[in-house]
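Residues per chain, in single letters:
Protein chains: 2
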Amino acid sequence: MKTTLQVQLAARPGPEGPALQNFALCDVPLRAPGAGEVLLETLYLSLDPYMRARMYEGANYAASAALGAPMPGATIARVGTSNADGFAPGDLVESAHGWQSHHVASPDTLRPIPDTGLPVTTELGVLGMAGHTGYGGLLRYGRPQKGETVLVSAASGAVGSVVGQVARIKGCRVIGIASGEQKCRYLTDELGFDVALDRRDPWFDAKLAAACETGIDVYFDNVGGEIFAATIPLLNTGARIAVCGTISVDRNQPPAQGTDRLTMLHSAILVKQLSLQGFLYTGLLDMTEAFRRDMTAWIASGELRYREDIVDGLENAPEAFLRLFTGENFGKSIVRVAHA
Amino acid sequence: MKTTLQVQLAARPGPEGPALQNFALCDVPLRAPGAGEVLLETLYLSLDPYMRARMYEGANYAASAALGAPMPGATIARVGTSNADGFAPGDLVESAHGWQSHHVASPDTLRPIPDTGLPVTTELGVLGMAGHTGYGGLLRYGRPQKGETVLVSAASGAVGSVVGQVARIKGCRVIGIASGEQKCRYLTDELGFDVALDRRDPWFDAKLAAACETGIDVYFDNVGGEIFAATIPLLNTGARIAVCGTISVDRNQPPAQGTDRLTMLHSAILVKQLSLQGFLYTGLLDMTEAFRRDMTAWIASGELRYREDIVDGLENAPEAFLRLFTGENFGKSIVRVAHA
Numbered sequence: 001m002k003t004t005l006q007v008q009l010a011a012r013p014g015p016e017g018p019a020l021q022n023f024a025l026c027d028v029p030l031r032a033p034g035a036g037e038v039l040l041e042t043l044y045l046s047l048d049p050y051m052r053a054r055m056y057e058g059a060n061y062a063a064s065a066a067l068g069a070p071m072p073g074a075t076i077a078r079v080g081t082s083n084a085d086g087f088a089p090g091d092l093v094e095s096a097h098g099w100q101s102h103h104v105a106s107p108d109t110l111r112p113i114p115d116t117g118l119p120v121t122t123e124l125g126v127l128g129m130a131g132h133t134g135y136g137g138l139l140r141y142g143r144p145q146k147g148e149t150v151l152v153s154a155a156s157g158a159v160g161s162v163v164g165q166v167a168r169i170k171g172c173r174v175i176g177i178a179s180g181e182q183k184c185r186y187l188t189d190e191l192g193f194d195v196a197l198d199r200r201d202p203w204f205d206a207k208l209a210a211a212c213e214t215g216i217d218v219y220f221d222n223v224g225g226e227i228f229a230a231t232i233p234l235l236n237t238g239a240r241i242a243v244c245g246t247i248s249v250d251r252n253q254p255p256a257q258g259t260d261r262l263t264m265l266h267s268a269i270l271v272k273q274l275s276l277q278g279f280l281y282t283g284l285l286d287m288t289e290a291f292r293r294d295m296t297a298w299i300a301s302g303e304l305r306y307r308e309d310i311v312d313g314l315e316n317a318p319e320a321f322l323r324l325f326t327g328e329n330f331g332k333s334i335v336r337v338a339h340a
Numbered sequence: 001m002k003t004t005l006q007v008q009l010a011a012r013p014g015p016e017g018p019a020l021q022n023f024a025l026c027d028v029p030l031r032a033p034g035a036g037e038v039l040l041e042t043l044y045l046s047l048d049p050y051m052r053a054r055m056y057e058g059a060n061y062a063a064s065a066a067l068g069a070p071m072p073g074a075t076i077a078r079v080g081t082s083n084a085d086g087f088a089p090g091d092l093v094e095s096a097h098g099w100q101s102h103h104v105a106s107p108d109t110l111r112p113i114p115d116t117g118l119p120v121t122t123e124l125g126v127l128g129m130a131g132h133t134g135y136g137g138l139l140r141y142g143r144p145q146k147g148e149t150v151l152v153s154a155a156s157g158a159v160g161s162v163v164g165q166v167a168r169i170k171g172c173r174v175i176g177i178a179s180g181e182q183k184c185r186y187l188t189d190e191l192g193f194d195v196a197l198d199r200r201d202p203w204f205d206a207k208l209a210a211a212c213e214t215g216i217d218v219y220f221d222n223v224g225g226e227i228f229a230a231t232i233p234l235l236n237t238g239a240r241i242a243v244c245g246t247i248s249v250d251r252n253q254p255p256a257q258g259t260d261r262l263t264m265l266h267s268a269i270l271v272k273q274l275s276l277q278g279f280l281y282t283g284l285l286d287m288t289e290a291f292r293r294d295m296t297a298w299i300a301s302g303e304l305r306y307r308e309d310i311v312d313g314l315e316n317a318p319e320a321f322l323r324l325f326t327g328e329n330f331g332k333s334i335v336r337v338a339h340a
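From first to last, the protein sequence lines stand for chains A and B. Residues in the first sequence are numbered from 1 upward in steps of one, following this note's numbering. Residues in the second sequence are numbered from 1 upward in steps of one, following this note's numbering.
Since the hints were derived computationally from the structure, they do not count as laboratory data. A portion of the hints provided could be inaccurate.
Identical copies carry no separate label here, and so any pair may be met within one copy or between two of them.
To be verified - Below, simulated DMTMM-like cross-link-like pairs (lysine to aspartate or glutamate); rule was C-alpha separation at most 25 Å, straight line:
1. Lys-146 <-> Glu-213
2. Lys-272 <-> Asp-286
3. Lys-272 <-> Asp-250
4. Lys-272 <-> Glu-226
5. Lys-146 <-> Glu-289
6. Lys-272 <-> Asp-260
7. Lys-207 <-> Asp-189
8. Lys-207 <-> Asp-91
9. Lys-272 <-> Glu-57
Keep in mind it's a predicted model, so treat the numbers as computed, not measured.
Please model the complete structure; the sequences and the hints are all you need to start from.
Next comes the structure, spelled out in structure tokens:
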């Protein structure tokens, strides 16, 4: 009998947050595809920060992952056996079958991968959810105008690197926050950011304030936490904050004690007439055509670059996933589950 | 020589916030109007919560009031001597010359008062800045849809009463928060709110949660502070928060200590895809025509009501002003400086 190798959620995270012992590698029997179904072999698995919230019990914008089931996630897969019209063995599709090597799927859950001339992994990164989130979130909620200052956190990541480059293409002054010198150099030397700031720098707050001397017009926030708090006094009147992620904060952990900054933020919203908008990728799907057209053109012309951090082997997914939260990954995090 | 009676800012507020001893009543010499100028006699002075922030030194969206100068504020005035084309003695105008009985003005700072058939005081309240703020802020930033739940704080006030009634007219379920039973009865019995909640009720939090059982779609926030915090868990996905005021919080006083709720709010913004927009009246001026047309029609048809809290005598302005922050005023707060 055929099996699928799964990385399952074995236990929910404890007070320290997600750890290797929360995951289990299991080989699970897989039924044959029925009428109208296809058998998929996973080639690539996307690792994304949103998966952390799914590991916990309780409400989020999506259901939490079940114990003893594979972790959720987007994949690029190859069709093996096909009992479905329009799908032939060897076809490449995007599926959302999570951290596993094989899957039996109904075609309505699959997106055929178009031929863009770019590596298929881009469909999980710069041309996938991450790129779409950065492109759409910046343009729709950041509303950057030529000459404005755009700040983006987690700027060398899959979302942030798109945000900063699109802002540059739109004529903005772009400031990126990343962790470590290597990523900062990448932002300025390869992606054309005007300023890159290392969040680990002991003088980070002072350097951020100096870089934003004329104020921030758009803050694309991937991280929340202390960096979000540090931007508030630097925002210009009428600034837009696109709230995309909270990678720096595990919101299932207890809140900090000290000064309650809720009123500080509320006052800033009023006094500076700020706009804050939380959003998900799913609210940007109407922009798909413009997104793919602009991005493929910018990549082809060399105006927009991307970087992927590909790890080999499904068994290494948990470790690669945990690196998202320490800033050790560098570029869009992808697991190569099988060779194409 | 002619004089003008002024209520001046005599001292900036101390740690307890604004108090009577911060004000002084002074009779000040007034020059005669020059070429192209008019002499104004103040009939009515508008008292508004924003004036508190002006009493402090330091940045806000507007300059702080100067010591030894009259407190700022909008007035309805009658033209006395006129050396300006288009202005005749007896004409009524809106001016922004603050807490004083007379003023020499240039015509470009004046708005002639149109004849609406309503008392002239409405030009400072339901047809003035307060009404415009409520109408425009709700429609532009709250974006209420028929059948949605709209919550408004300081709901019996000049802004809040307009917000709630416009939301009702737009087909929403309307919940208002006010202080005291009398104001709550006014909301349900006279203004047609679905639910009114007394913020002084010891069971306020539980009653708010019960009233918002199906969640809040729009929160029009006039107060900030603990009521703002209490709404966050009750907001629906996609909810809009129009941030209009912080009357419950004197932002020049030190922040509270305890749990830092900044991250709680940030997470809610992301997870529920919230929209928060701070705004000022000045950003809504393009809606003036629709505002005046709709409001005068609704008032004429009896669909929308208003209430004014008129105090006699400029010397009583400080006391009336302080009542804004204790919830003792009931309706739009106006000082009658001279009889029309």
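- Item | Hints not upheld, ascending by number | Result: hint 8 breaks, nothing else.
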